[in-house]
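**Student:** Residue-level listing of the chains:
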Amino acid sequence: MNILIFLIPISILLGLTFVALCFWSINNEQYEDLDLNAEKIIFDDESLRRLNDDK
Amino acid sequence: MATPQPVQAKCYHCGLPIFSEQKYDGKVFCCSGCVSVFQILSYNGLENYYQIKQSSKNIKTPSPAFEKQENDYSYIEQESFLEKFFILEDGIYKGMFFSKDIHCSACAWLLNQLPQTVSGVEFLRVSIENSILEVHLKRDKGSFRALLSQAAKWGYHLEPILTNEEANKRKKEQKKLKLKKIAVAAVCTGNIMMFSVASYAGVSGDFQQLFLKLSALFFIPVLFYSSRDFFLNTFNSFKSKQFSIDIPIAIALIMGGFYGYKNVISGQDLHYFDTLSVLVFFILSSRYILDWARDKGQSQQELLSLLNSSIVQKKTETSWQPVHSSTLNPGDIILLKSNEILCCDATLQKGEGYIDKSILTGESLPIKVKVGEALLSGMKSYSSEFEVQVQKTPADSYFAQMTKSVIDQHSPFQGLLERYSKFLIFFSLISALAILFFSYPQDLQEGQFRALAVLIITCPCALGLISPLIIYNAIKTLAQKGIILFQTDALERIPHVKKIYFDKTGTLTYGKLSVGSWSGVKNQEVFNAVYSLEKFSIHPVATALSQYCLENDAVEIEVGSFQENLGQGVQGWVDEKFWEIKASNLQLAKEKEEISLTVSIYKNRERISTIELNDKLREESYSIVSKLKKRFQIKILSGDKKQNVYKVGSQIGITESDCYGEVSPESKAVIVSENYHALMIGDGINDLPAISKSFVGIATKGQMKNAIKHCDIYFLNEGIGSLDVLINVADDVNKQIKVNIGFALVYNLLGITLATMGHITPLFAAIFMPVTSLVLLTHYIYRNNLLEKKIRVLT
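These protein sequences, in sequence, are chains A and B.
Straight run, no breaks: the first sequence in the working numbering ends on number 441.
Straight run, no breaks: the second sequence in the working numbering ends on number 1027.
Any given hint might turn out to be false.
[Claimed, not checked] Examples of chain B residues lying across from chain A (beta carbon under 10 Å, computed): (1) 364; (2) 404; (3) 406; (4) 420; (5) 423; (6) 429; (7) 433; (8) 439; (9) 441; (10) 442; (11) 446; (12) 519; (13) 524.
Worth flagging that the hints you see were computed from the coordinates, not collected in a lab.
Cβ atoms here follow ideal geometry from the backbone N, Cα and C, with glycine treated the same way.
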């Protein structure tokens, strides 16, 4: 059972990381247009990357 | 029973079926517009568009074949316009554009390439969900005109829209906050569950105490951050003395929290932290989905009303200049092109011809107008050009006043779901109080525990989660079929409808004059002659005739000694024969008040054929109406002449007693509001008062974009074809809700009984609630597949 002393802090830490990441993505407006963002990953084009870097 | 059809080739660019094929670069296209878009794209090295398009699912149906638009965007450079539509901040203009052409991720990709070809673009974002393009442009470097022209070359007609920056920002922030609350609830619930499972599995000793304290710790953010709205709403509902679904949730949270923390301090492992946090998470998520669905409807509504603005030609000292209609002032002289709707109230300055006022009155025949006459906004030029002087700006015009004066007065209606929830809340609160009362004073500890169990088990959690999903899905399905739902509860109202009132002109019929029957000689020679003669006339009859002949491949032949006798007909020499086209029986027609005009063709003074012109019935009207007749009482309400209404009625099988003609907009509204469960469907501004006062009001695509605010449902397609799909979906939604309520009733009664008897332990509640949600979700998915199949058969 001693392993729990190690696992419990990890689970709490993971939870906090999740919340932090989620808050970041919400603030980053990634949930504004679900239809587009779902497919944006296939736009792996040079020009688009440049456009995103500009932002 | 569909007959097998040959596989039709699809356009390489727009994907629509091809009728007249055009080939380029080994690919087939439907029109020259699509070819030129393809050329431009491949010239600029943007062929990727087609790859992305193939792999992306179509979120919306593409609009009909790309029309090559020769748009003049110079109006956008005018100072007055820039000031009105765009926000200037630090030398950067911020603007929003709407385009109906944005329908898939390939469109978004293409528009994302705009900064490559247009200079000065600071920021650009495309939203497919709302078909909106957001652009920030450097004031000194960029030009909106260049941007819009480039987009137009690619086939996207962008229209600037006015936005309320403040309200949008506030809305966005609220949405973000809600998502954050859900995220926090999700993380805490997951962790609490983990510790609870260990407790249920029988962990003991120090670890039990540790898990208990950790659960209590994780419950703090759920109670104080995620659940804040429940407490606020409860407080507000007490203040306004109204029943709210949040009351039992708030009470359960306070009681459960208090009880749980008390036990934790005294070291007892008895708490409801896991169940309560699941509850909070589920309810918050379901509300978010519902908000999302509602939001979608509203933003479209906002957009469509803004789309009413248009570009008009304004007269300057030297020439005509395109301006946006919102920048017009009284006294300006503008051009009203043929088939264009007047955007403001004006007086006729120059020109002669016919005006169609069916949008305002429902009258199906165009009327003649003279110089000096006053014209109202909403009137449409029939076939000639007019110069008119603006009397009242679009914002103050008759059309705007008319839409403003209409106040929504739908009959009050409470959906089954709402009634059930209210009943349930009431019932669970009473039972909880009763338990407390009867256990007082000996068993107060046990009584509190049972009362809490009742409150938790009756929370409309599963029901609350599935119902928004059902409605959200219905909204999505309908949107794909071109039906926009503005009032979500309209779906629940439709099954209660007893009578359906149809508008005639424009709704059941096409709303314009066309050739009905052609008796006598009907060959190419006649077509050619009629076309050549009528081509020059602006009379509505002539327009209808030449249109018909053109559809029959008529060719123009030179006409000798052409003569037009206004209101009588035309005559002239074609191919060495003397032709006359005369309006016959005009006198007779007037007496009988018949709409259908009869025209006779004379060849060398001998009558060879007779043509009847009328406002044709839409193709789908008959089949839809006869289908609906089995279930509803069908009636026609029209502002047109009685005889015409009777005639259309007889065509679709409705007796004269159910056809009302010569009805003013006001009396239409009275008739509709007197009949309690009435559905009104129409397309003109004269139907608006009736639509807004009906039980369910539907507007079809026509000339009243402005009026959308007042209807429950809007059809993006003309005619009543969508009605069938709508009724099917509405029926299905109601059936699903009924099944869900039935299920909820059973499990709530069971839950209350068990909880009152003290058989519900925290473990039982923790398992019971997710299981019921799962059962309902399975049922929802099953029904959904059924519905999708049904809709596919229908369309």
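**Student:** Evaluate each hint against the coordinates.
**Tutor:** Evaluated hints:
1. 364: 9 Å, holds
2. 404: 8 Å, holds
3. 406: 12 Å, violated
4. 420: 8 Å, holds
5. 423: 6 Å, holds
6. 429: 13 Å, violated
7. 433: At about 13 Å, which exceeds the 10 Å cut-off, the nearest Cβ of chain A leaves the hint on residue 433/B violated.
8. 439: Constraint on residue 439/B satisfied, holds at 7 Å.
9. 441: 13 Å, violated
10. 442: This hint holds: residue 442/B lies near chain A, its Cβ roughly 8 Å from the closest one there, short of 10 Å.
11. 446: 7 Å, holds
12. 519: Violated: closest Cβ of chain A sits about 15 Å from residue 519/B, beyond 10 Å.
13. 524: This hint holds: residue 524/B lies near chain A, its Cβ roughly 9 Å from the closest one there, short of 10 Å.
In summary, the numbered hints that this structure violates are 3, 6, 7, 9 and 12.
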